[in-house]
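Working from the sequences, and respecting the hints, build out all of it.
As a plain string of letters, each chain reads:
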Amino acid sequence: MKRTLGLTLAASLLGTAVYAQEKTVTIASWGGSYQEAQSKALFDPAAANTGIIVKQETYGGMSDVRLQVSSGAVSLDIVASGSGSAARAGAEGLLEPLDYSIIDVSTFYPTLKSEFCVGGDVFSTVYAWNTATYGDAGPQNWADFFDTEKFPGKRAYRNKVAGALEPALMADGVAPEDVYTVLDSEEGIERAIDKIRELKPNIDVFWSSGAQHAQLMKDGEVDMTTGWNGRFDNAAKDGGKVKYSFNQALLDYDCFAIPKGAPNKDTAMEFLAEISKAEYQDDLPKYITYGPTNKAAYDTGEISAEVAAGLPSSPANAAMQLPVSLEWYAKWETIADEMYQEMLTE
Amino acid sequence: MAMTATDTNRAGLRRDGHLEKLKLFGLSSPALLMVLVILVIPVGWLFYVSFVGADGQFSLENYARMIKRKSYFRIFMTTFQVSLLTTGICIVIGYPLAYFLSQLPSRLANLCLITVLLPFWTSLLVRTYAWLVLLQKKGLVNDWAISLGLWDEPIKIVHNMTGTLIGMVHIMLPFLILPVYNAMKAIDRDYLKAASNLGASPRKAFWTVFFPLSTPGLFAGSLMVFVLCLGFFVTPAVLGGGKVIMVSMKIVSNIELFVNWGAASALGVVLLVLTMAILWIASRFVNLAAMTGGGH
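Those protein sequences? They're chains H and C, same order as listed.
Numbering follows UniProt numbering, with no gaps: position 238 of the first sequence is 238.
Numbering follows UniProt numbering, with no gaps: position 252 of the second sequence is 252.
No lab work stands behind these hints: they were computed from the structure.
Heads up, the beta-carbon is just placed ideally off N, CA and C, and yes, glycines get one too.
Heads up, some of the hints might be wrong.
[Said to hold, decoys possible] Derived DEER-like restraints, expressed as beta-carbon distance ranges:
1) H:Gly60 x C:Ala54: 47 to 55 Å
2) C:Lys138 x H:Ala330: 40 to 48 Å
3) C:Ala277 x H:Glu22: 51 to 59 Å
4) C:Pro212 x H:Ile335: 51 to 59 Å
5) C:Ile281 x H:Ala175: 25 to 33 Å
6) C:Val37 x H:Gly31: 25 to 33 Å
7) C:Ser123 x H:Gly60: 15 to 23 Å
8) H:Ser185 x C:Leu36: 30 to 38 Å
So, in structure tokens, the structure goes:
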């Protein structure tokens with residue numbers, strides 16, 4: 001009896017040893033068409049090439065990571081995140097610093113990575129308009145978006161402060177390069193909020209998700225909205241009468257991070273190194289119009305000139321945009337959002 | 001000293017009583033344990049966390065913030081306003097319906113009650129989105145009304161307070177109708193006959209006899225609707241267009257926004273305390289035990 005038990009134990013230990021050699025990583029992302037695009041372009045091919053077994057989950061953002069880290073039960077190895085929330089989570093001590101001797105970022109846009117997060121795709125916060133209301137030549141800049149005399153019609157705007165203040169300041173006449181200088185005080189933030197306050201009677205909906213602002217445009221519920229460019233492309237593909245412009249848009253990126261104490265930290269690092277390569281990133285635009293963070297992805301020949309022209313990070317489009325300042329969000333987001341909520345609840 | 005027969009008897013009875021109490025306690029201990037584990041401890045934890053600041057130390061900052069920023073006061077006001085209005089509309093619609101049902105022959109009434117309960121079989125999320133599709137600018141309601149000539153331009157009935165109330169009333173109505181219907185069914189019809197026998201008009205008989213007898217059910221239903229409304233999230237979030245912000249929505253955004261859980265916990269504590277206060281005040285007028293199915 002004892003002997004059998006011993007054998008069983010040995011066998012099961014052996015089993016674990018064999019299993020442990022098969023490297024696995026658990027990745028959490030945002031689900032929907034976004035995660036589907038990531039799977040097809042990045043996760044699945046990289047898993048096939050490295051032999052790393054990938055388990056995918058969806059999650060609710062950095063608050064989930066905070067819960068896992070603070071309770072000491074970390075199950076996620078890699079999380080997809082917005083750059084701003086990753087920067088804040090990193091400062092809070094929730095993320096492992098990334099090892100850039102393993103992850104090769106030499107051909108990355110220098111601003112699209114940070115100590116705790118390596119860029120995965122580039123997206124833009126743009127203004128989009130209903131072509132049935134305004135035709136193809138809609139608003140030309142944020143000033144037009146805020147001008148209800150020139151462009152009468154209903155607007156939608158974000159229900160959070162992220163990406164909401166910069167457009168308001170540009171509409172108020174602040175040059176894009178000065179936006180974050182002006183925002184670097186409560187007075188500056190209030191100035192931006194006042195501009196939105198002015199527009200508020202014409203804002204029908206304060207949207208809370210990308211799916212929502214895409215649907216609002218598809219249904220013609222509002223005539224203009226702010227939002228993320230990829231969603232509008234998908235809405236247009238589905239027959240929505242919607243166009244958007246990269247002019248004065250906010251250039252931002254999503255990134256991948258490793259939660260502090262991730263069970264397969266080393267494998268995660270290895271996997272991030274793999275999916276950051278140009279050969280994977282150049283496939284992403286096939287599934288969603290978000291651009292690569294690795295410049296070399298434009299040189300592989302996978303991204304046609306036509307596709308590139310529609311991506312946020314193509315040189316011509318990037319030049320028109322204001323890169324989002326993570327430093328500003330790390331310093332001000334909480335205060336600014338509380339001030340923004342005051343305006344929302346008035 | 002020898003014990004008399006009565007003394008023995010009394011001691012035995014006391015022992016039996018004791019044993020029975022122990023047995024009852026033993027039987028209910030799993031339930032009590034469960035309440036302790038899933039209710040008392042977490043709520044206690046919630047209170048504790050709400051006093052922890054961003055630096056991990058004891059702090060009142062989570063409560064101070066709620067006083068400093070006007071938005072918190074407004075969000076609580078909105079929450080109570082939405083809950084009161086929903087309850088009011090539910091009463092206006094639900095009471096006559098329950099009365100009508102209580103007058104029907106029981107077979108028909110049961111059939112109708114099933115249709116009242118039918119919406120429960122569909123998820124709340126689906127029902128809420130269905131309202132969005134119906135009520136939006138190019139939705140069915142506006143389309144039909146315009147083609148029937150009721151109004152010329154699409155009117156705004158969603159992404160605002162109106163839409164939120166429509167959705168919430170629809171979801172809450174069964175919670176009002178059922179207790180009211182039960183209370184009405186329990187009213188002895190002979191009272192009404194006696195009233196008319198004594199010369200009361202049907203209207204007078206209703207208001208002086210039937211209505212007062214139905215009020216426990218009405219109070220119970222209203223209270224249930226009101227309290228459930230206080231914690232609503234999905235419906236105002238979807239139908240309110242981001243402008244009807246209730247406490248539960250603010251709790252979610254605080255979890256995302258603040259480093260410390262306390263920022264959200266404090267909101268939960270205040271909502272809990274306010275709800276308890278309302279229940280306590282209500283308990284002075286209504287028999288809460290009767291509402292939850294206990295005896296009078």
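Comparing the hints with the structure gives:
A beta carbon spacing of about 21 Å between Gly60 (chain H) and Ala54 (chain C) contradicts the range 47 to 55 Å that was offered as a hint. Distance hint for Lys138 (chain C) and Ala330 (chain H): a CB-CB separation of about 41 Å, consistent with the stated range 40 to 48 Å. Between Ala277 (chain C) and Glu22 (chain H) the C-beta distance comes to about 57 Å, which sits within the given range of 51 to 59 Å. At about 55 Å, the beta-carbon gap between Pro212 (chain C) and Ile335 (chain H) stays in the expected band of 51 to 59 Å.
For the pair Ile281 (chain C) and Ala175 (chain H), the beta carbons lie near 57 Å from each other, so the given range of 25 to 33 Å is not met. One distance hint, 25 to 33 Å for the beta-carbon pair Val37 (chain C) and Gly31 (chain H), holds here, with the actual separation near 32 Å. Between Ser123 (chain C) and Gly60 (chain H) the Cβ separation comes to about 19 Å, which falls inside the hinted range of 15 to 23 Å. The hinted window of 30 to 38 Å between Ser185 (chain H) and Leu36 (chain C) is violated, with their beta carbons roughly 50 Å apart.
In this structure, the earlier hints numbered 1, 5 and 8 are contradicted, and the remaining ones agree with it.
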